[in-house]
Each structure stands twice: as C-alpha cells, then as structure tokens.
Amino acid sequence: MRIILHVWRQKNSRDPGRLVRYEVPDVNEHMSFLEMLDVLNESLIEKGEDPIAFDHDCREGICGMCGMMVNGKAHGGFKGTTLCQVHMRHYKDGDEIYLEPWRARAFPVIKDLAVDRSALDRIIAAGGFISVPTGSAPDGNAIPVQKQDAEMAMDAAACIGCGACVAACPNASASLFTGAKIAHLGRLPQGQPERDKRALAMVLQMQEEAFGNCTNIGECEAACPKEIKLDVIARMNRDYLKAALTERILVEKGGAG
Amino acid sequence: MELKSRVPSGPIETAWDRHKFELKLINPANKRKYSLIVVGSGLAGASAAASLGELGYKVSCFCYQDSPRRAHSIAAQGGINAAKNYQNDGDSVYRLFYDTVKGGDFRAREANVYRLAQVSLNIIDQCVAQGVPFAREYGGTLANRSFGGAQVSRTFYARGQTGQQLLLGAYQALQRQIGAGQVKMYPRTEMLDLIVINGKARGIVTRDMVTGRIQSFLADAVILATGGYGNVFYLSTNAKGCNATAIWRAYKRGALFGNPCFTQIHPTCIPVSGDYQSKLTLMSESLRNDGRIWVPRQAGDKRPPNEIPEKERNYYLEEKYPSFGNLVPRDIASRAAKAVCDAGYGVGETGKGVYLDFSEAIQRLGRQGVAERYGNLFDMYERITGEDPYKTPMRIYPAVHYTMGGLWVDYNLMSTIPGLFVLGEANFSDHGANRLGASALMQGLADGYFIIPYTIGDYLAAAKPEKVSEDAPEVKEAEDNVVGIVKRLLNSSGKRTVDSFHRELGQIMWEYCGMARNAAGLQKALELIPELRERYWKEVKVLGTNEEFNQSLEKAGRVADFFELAELMCLDALQRNESCGGHFREEYQTAEGEALRDDENFCYVAAWEYKGAGNRPELTKEPLTFEYVKPAQRSYK
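Those protein sequence lines, which keep their order, are chains E and R. Anchor point for the first sequence: position 63 equals 63 in this note's numbering, and the numbering is continuous, going up by one each time. Anchor point for the second sequence: position 442 equals 442 in this note's numbering, and the numbering is continuous, going up by one each time.
Worth flagging that the hints you see were computed from the coordinates, not collected in a lab. Source: prediction; values computed, not measured. Fair warning: there could be bad hints in the mix.
What the hints assert, rightly or not - Calculated lysine-lysine pairs in the DSS-like style (CA-CA distance at most 25 Å, straight line):
(1) LYS47(E) / LYS487(R)
(2) LYS31(R) / LYS11(E)
(3) LYS31(R) / LYS252(R)
(4) LYS47(E) / LYS541(R)
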C-alpha cells in the first residue's frame with residue numbers, strides 16, 4: 001500500500017519547524033510503524049535528504065524511548081500499544097498520516113520528532129525511590145506482601161516513562177507519571193517510611209518543571225500504552241494532602257495536581 | 001601476554017569471603033577524593049553507579065539513551081535466578097553453581113560462578129527492599145517459576161517485565177544518588193574512546209549526541225557496563241542502539257577480548273516476516289514452562305495447526321529429552337529447532353518456524369490462568385503477528401540474543417588495562433559457552449551491587465592513581481582519534497546507507513558464524529568481511545554534520561566497529577575446533593548431533609589482543625580447571 005505522511009521537521013530547538021509531505025510507496029502490512037519510517041529514511045538518505053530524526057530503541061514496547069503524535073493521538077491511539085508495536089495492517093492504501101513530536105513546554109524539541117524528557121528523570125530523583133543502601137536489605141521473605149498489593153503495585157510500576165500522558169493532556173500535566181510512581185511505592189510495605197516525604201518532594205518537583213496541573217480530564221489514561229489507571233492520581237493527591245498537613249515546611253510551594 | 005585471573009586458592013565455598021577480607025579498603029573520608037566513570041546505565045551500570053555513589057565516590061555515569069531508565073536490561077522478560085530455596089525443592093548455592101557451570105558447557109571459571117550463585121541471595125533481598133513488585137503467593141511470600149537447564153524453581157519474576165522492574169529499582173537508586181549530588185548523569189552521550197595514561201585507564205572521550213561536542217572526562221578508574229554485541233548480526237533481540245563501540249575501542253587500547261565467538265541464539269523469538277525487518281522480538285523462555293513445542297510429522301504439511309491431529313505432531317524436545325523436555329537449555333532448544341526446519345518440517349510462510357502451543361495449558365489452567373502468567377506476552381505476540389495465541393499456536397524461531405563473550409576480566413572484574421573494569425554482558429565471565437535463562441539479570445546486578453564496590457577500592461588503594469592533566473598528550477591523541485573517525489565517516493562520498501551495509505554484514509555473520517559454523521564457512525566469512533568493510537569506508541553515505549543531532553553518524557561509527565569485531569568473532573570460532581554451548585562447529589558433534597567438546601585441547605578462555613590495524617590479533621589462553629564440577633558430556637535426556 002501507499003502511505004502519505006506529513007512529518008514535523010524542525011532542525012533544532014531554535015528552528016520554528018514545519019510539516020513536510022512524504023510518500024511511502026510499497027508499505028507492507030506486516031511492517032511496524034517505525035519500520036515504515038526506516039524505509040522512508042533509507043530512501044531519503046539515498047536522495048541526499050536529511051532523514052527524519054525520531055527516538056526509538058528496544059522496539060518491543062518497554063524502553064519508553066519512542067513516541068510521537070500520530071494524527072493527533074499519542075502512539076497512534078491503539079489501546080495499550082507503544083508506537084513501535086503498531087503495525088501497518090491498521091492502515092490502508094492512500095491513508096494520510098500526520099506525525100508530530102510530543103507537544104509540551106516541559107519537553108523541548110531536540111530535532112524533528114525527538115524531544116527532551118529529562119524533566120521526568122528529575123521528578124524521580126526528587127523522591128521516586130526507596131532509600132535502601134546496597135547491602136542493608138533484610139531477607140526477601142522477611143516482610144510478607146499481600147498478593148493483591150504486589151499486583152496493584154505492579155500495575156502502577158508498569159509505567160515506561162514515555163511521556164505520552166503529558167503529550168495527550170491538554171494541560172501537559174505529568175500527574176499520571178508521577179502518580180504511578182507514588183502509587184507503586186506507596187502500595188508496598190517497603191515504601192511506607194518515606195511515603196509522605198516522597199509525595200511532597202515529587203509533586204513539588206513536578207510543579208517546578210514546566211508541567212501543567214491535572215484537571216481530571218482523563219486523556220492520559222486513554223493514551224497510556226501501559227494502561228496505567230487514573231486512580232494513581234487520586235492516590236498521589238491523597239498522599240500529598242495527608243503529608244502536606246503534617247510536614248508543613250514544604251507545603252508553601254503549592255498543592256497537588 | 002600473561003593473564004592473571006586472581007582467582008583465590010583454597011575451598012571455593014569460602015573463596016569470596018576470604019578474598020573480600022584480603023582486599024584493601026579506602027576509608028570513607030578518602031573515598032570522596034576519587035572520581036569514577038561508569039559507562040552504561042543498565043542493570044550492571046546503574047547498580048554500580050548507585051552503589052559507588054552511596055559509598056562516597058564521585059561518580060559520572062554516561063548512557064546513549066535519553067534517560068538511564070531505558071537501557072536494554074529493561075526488555076528482559078522472564079526472571080532472575082537466586083538460590084533461595086524458598087520452594088523447598090532442593091535448591092542451594094551449590095546447585096545453582098553446578099547448573100550454571102554445566103549449562104555453560106564447562107567454559108566458565110568455577111570461582112566466578114560460585115560467587116555469582118552466592119550473591120544471588122543478596123540480590124533478591126536488595127531488590128525486594130527497593131520495592132520491586134515481584135510476584136507473590138497468597139500468603140505474601142515470593143513466588144518462583146522454572147527456567148531452562150534447571151530442575152528446581154528458582155526464578156523470581158514480576159509478570160513478564162522482570163528486567164524492567166529490576167532496572168527501575170536500580171535506576172531509582174541511581175536517581176537518588178543523582179539527586180544527592182553523588183552521581184552526575186550524562187544521558188545522550190556516547191563513549192568513543194578510552195584514555196590510557198601510564199598504562200592505566202584514566203578517562204574517556206565522548207560525543208554529546210545532541211550538540212556533537214567531543215569532550216574528554218578524566219577519572220581515577222573507568223567502569224564499562226555497556227552490554228553485549230549481538231547487533232553485529234543486524235537482526236537480534238537487542239535494542240536498535242545496542243553496540244560494541246565502547247568495549248571495541250577499549251580493546252583497541254589494549255584490553256583483551258575473551259571468547260568473542262560465544263553467542264547465544266535464543267530459541268523462542270517471533271520469526272522474521274520480511275526484508276524491511278529491523279529487529280527481532282523475544283518471547284520469554286518462561287513460556288516453555290507451559291507451552292509445548294512441536295512441528296508436523298510430515299514435512300511440508302500446510303494444514304492449519306489446529307487441524308493436525310495429535311499423533312501427527314512431533315513434540316521433538318519432549319521425545320528427545322524426556323527429563324528436561326521443553327525446558328532444555330537455550331543452545332540445545334535452538335539447534336533442535338534449526339534441525340527440524342532444515343529438514344523441511346518448519347511451519348509458517350518461510351518454513352522457518354516451529355509451533356509453541358498452549359492449548360494443553362489452556363485446558364489445564366483455563367484461559368484466565370494462562371493470561372495471569374503470560375498475558376502481556378500473548379498480547380505482544382498478537383500485536384506483532386496479528387494472530388491470537390489463545391486460539392492458534394505461536395510460531396517461533398531462534399534469534400541472536402546475548403553474547404557470552406566480552407572483554408576479558410580477572411576475578412576482580414578488571415580488564416588487562418589496570419583501572420578499566422568491565423561489568424555485566426560487556427565482560428566475558430560467568431556464563432561460559434552458554435548462558436542459562438534468568439542468569440543475565442543475576443550477573444548484571446551481582447557485578448554492580450556486590451562485586452565492584454569491593455574490588456574497585458582495592459585497586460584504588462594499591463594503584464594510588466596520580467593526578468593527570470587534561471593537557472596530557474594521551475588525552476589529545478584520543479580526542480584526535482575520535483575526531484578523525486567522525487570526519488572520515490562524514491567525508492565519505494558514497495551512495496549507500498549505513499543500514500544497507502549493516503544488513504549485509506549481518507547476513508554474512510548469520511550464515512557463517514551463526515547457529516552452526518564450520519571451518520570452510522568461517523574462512524569464507526573472513527574473506528567476505530574485510531572486502532565489505534573496505535567497500536563500507538568507500539561507499540557509505542553519511543549526511544549532515546557532526547555539530548547536530550545526527551542519528552546516521554551515530555550508527556555509522558558503531559557499524560564500523562561491528563565490521564572489525566565480526567572478523568575477530570570468526571577468527572575465534574575458527575580456532576576453537578570443538579563444539580561447546582552456543583558455539584556449534586558442525587565438524588564436531590556426537591552421533592546424535594549434540595555438541596562435542598574437546599576438553600583436552602580447548603578447555604580455556606580465548607583472549608585476543610589487538611596488534612594494530614591489518615595485523616592478526618594475538619591469542620592468549622587462560623586455562624580453565626574444574627575441581628568441583630567435573631566436565632562431562634552435558635545430558636538433558
């Protein structure tokens with residue numbers, strides 16, 4: 001089949017950028033979406049044109065490196081699927097597809113479809129961990145964990161940090177990402193000692209980055225390729241509120257998303 | 001060159017404890033005076049950087065991805081082994097040690113493997129404490145499952161995303177140290193050369209992948225944790241960015257390369273669908289716990305699998321290996337799949353595939369029961385192939401997955417360049433000629449959390465690295481080398497893309513240095529590779545400049561190194577006139593087609609030394625001795 005692409009081309013962070021039209025003939029239905037872009041890039045290089053820059057790595061939906069807006073939907077809008085796992089059998093001959101980078105003030109464009117998501121790392125660095133120095137852990141079975149808690153922690157921990165939630169959110173909020181980590185660690189007995197501190201520090205850092213606030217729209221849940229549920233944001237808000245009432249010093253800088 | 005393995009003498013059970021006591025220490029106040037470089041942020045790199053930062057060292061950590069959380073350890077699905085014996089099924093440190101030495105076909109150092117089995121216990125404790133959401137039983141205790149090459153259940157798992165959860169644990173520990181100012185992180189930064197001053201590793205040259213800036217970083221020691229080199233085959237289960245450049249350029253600076261030909265071909269991957277294919281996707285080995293592998297008894301049988309009656313199916317692994325059945329080690333399962341496909345029994349459009357069938361498991365456990373164990377893998381399979389594995393068997397075929405070979409290291413994980421340490425898949429140790437499932441995660445974390453923090457102190461205390469200046473001629477020379485390579489690639493005025501060359505190299509390697517090798521084929525590859533490499537430098541086309549985000553340029557440098565490494569792999573495969581583990585030389589097999597080792601002549605680690613461009617590298621042998629697990633023909637029957 002033949003696919004027509006309109007791709008956001010932006011040389012660097014200072015370039016205003018624009019959409020450019022490309023045609024990809026002979027697209028095979030078994031190709032992945034990114035393989036279709038590979039084929040286009042190969043032909044561009046052969047013609048002496050700058051290939052399209054896009055981030056990708058594992059191509060099996062787990063590293064979180066890939067992602068772009070496809071016809072206005074993060075990762076193309078297929079339930080629970082990263083873009084690298086989308087195959088061309090979902091499209092038909094003559095389809096026109098618009099490709100744009102994640103759009104968010106906190107994610108400046110590096111080039112074309114590649115953006116800088118380091119703000120997400122800084123949120124984790126602020127408190128998204130359990131402080132356990134290497135070597136100081138008790139036996140793995142010393143603290144039983146309810147099966148259901150382990151499962152729910154895992155549901156939240158499945159986040160791959162791709163940033164689709166931010167890109168899908170009209171406010172460009174990172175609440176789903178932040179809430180997922182707070183819900184993951186806060187669900188486990190090991191995460192209790194730092195639960196308050198974690199919620200305060202991570203929410204604060206989220207606000208210091210250029211993310212917007214959560215207004216309970218729910219686009220993030222719909223866009224999440226790992227199907228993280230909105231209730232992680234409720235847990236974040238609860239943990240934040242509870243902590244804010246007891247740890248007063250940090251509260252002054254703001255409220256939860 | 002003489003290789004000093006520094007393996008402690010005396011009883012193996014206490015070797016590591018005695019060795020740890022003998023290692024020199026650095027007092028806490030002095031640790032902050034030392035700076036360390038860690039390249040790579042996967043399980044080995046992130047755990048090392050976090051642990052060393054905690055100890056007080058000044059650590060700089062580098063990765064090519066946009067975040068350390070994305071390293072390819074994240075894609076490991078099935079699990080991590082540990083000799084906890086929580087299942088009361090007869091496991092022990094000694095048994096894990098025994099299984100790993102045997103699984104590696106007697107080509108690993110006993111003392112290293114014993115230590116690995118010992119620290120496996122600490123790894124699980126550490127990860128649980130970090131909040132890794134391992135699967136649990138209803139009583140709240142940790143759950144286990146079985147993996148290939150073992151008759152006990154010792155594999156801990158977090159659904160089909162164990163690597164992800166372990167890496168996120170290490171990543172979070174690393175981010176904690178970054179937040180605390182103990183580790184400085186350099187993402188989107190690629191190491192392109194090693195700086196060696198007065199015979200010691202003292203720094204690296206990097207390229208900032210956003211701005212193109214080429215820069216040197218100096219330190220008191222350098223740790224490489226940059227993963228394996230399976231992408232030399234172009235198609236593999238590795239991430240697209242995985243590359244050998246860091247270890248290869250260290251090799252060219254004098255670090256010996258151990259067992260380069262030892263490659264693991266994983267038996268359960270989704271088959272290739274076309275020539276646009278960019279990578280191969282693994283289906284976890286854990287599927288072999290409940291899935292049954294078969295092909296039709298009649299060659300070329302084109303009926304849909306559900307219409308082939310039970311008695312016309314050949315469950316070849318269960319028939320040939322009744323005691324291990326579908327859970328034989330990876331090398332054996334892969335070769336068996338190749339053998340039935342070569343004989344014309346393969347399934348799917350290309351005939352390169354075998355069925356992995358869950359119908360019996362679905363009857364036994366119910367659809368929900370199967371979904372609980374493997375749901376995400378089934379979903380992934382369906383997304384990629386468009387077929388529903390709950391209804392029709394999966395089709396699978398072997399693919400390049402892991403490289404047991406890597407830079408040679410001693411018991412302290414130090415390479416032949418003093419001050420250069422190598423961890424995880426990037427080194428050659430522990431797995432011999434074949435790695436057992438769920439052992440890569442174990443080794444990466446063992447090296448990073450529990451070995452390097454001890455051994456690096458001993459090096460620093462003994463070597464007392466002197467001050468070095470950024471103006472040292474060695475720094476300038478390394479920078480010039482990097483600039484030279486970049487310029488040469490950009491100035492090449494050819495017409496072909498980097499990928500087209502890489503694909504061609506991959507085909508040569510798969511054909512002649514893949515699942516089965518022979519002397520004639522390897523010799524042929526040794527003619528084809530240098531020819532193709534020469535054409536590469538003349539005909540490759542790399543657009544753009546250095547001073548920008550230039551993904552073609554990144555790839556071009558990595559592929560240039562793959563060409564050289566490919567040649568070394570073939571040389572190594574050619575000198576090893578035996579079959580062992582993943583290295584199967586067709587000339588050396590038993591009457592039943594199993595690998596035939598030659599312990600008399602090849603019970604050694606082959607360590608190769610770079611002797612300059614155009615010269616044959618020099619082979620040094622580290623003899624292997626087996627005092628505890630006596631080499632025997634591996635039997636999984």
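Against the structure, the hints come out as follows:
1. About 21 Å separates the Cα atoms of LYS47(E) and LYS487(R), which keeps this hinted pair within 25 Å; it holds.
2. Restraint check: the Cα-Cα separation between LYS31(R) and LYS11(E) comes to about 44 Å, which exceeds 25 Å; the hinted pair is violated.
3. Annotation: proposed proximity of LYS31(R) to LYS252(R) is violated, straight-line Cα distance about 30 Å (limit 25 Å).
4. Between LYS47(E) and LYS541(R) the alpha-carbon distance is near 10 Å, which keeps this suggested pair within the 25 Å criterion.
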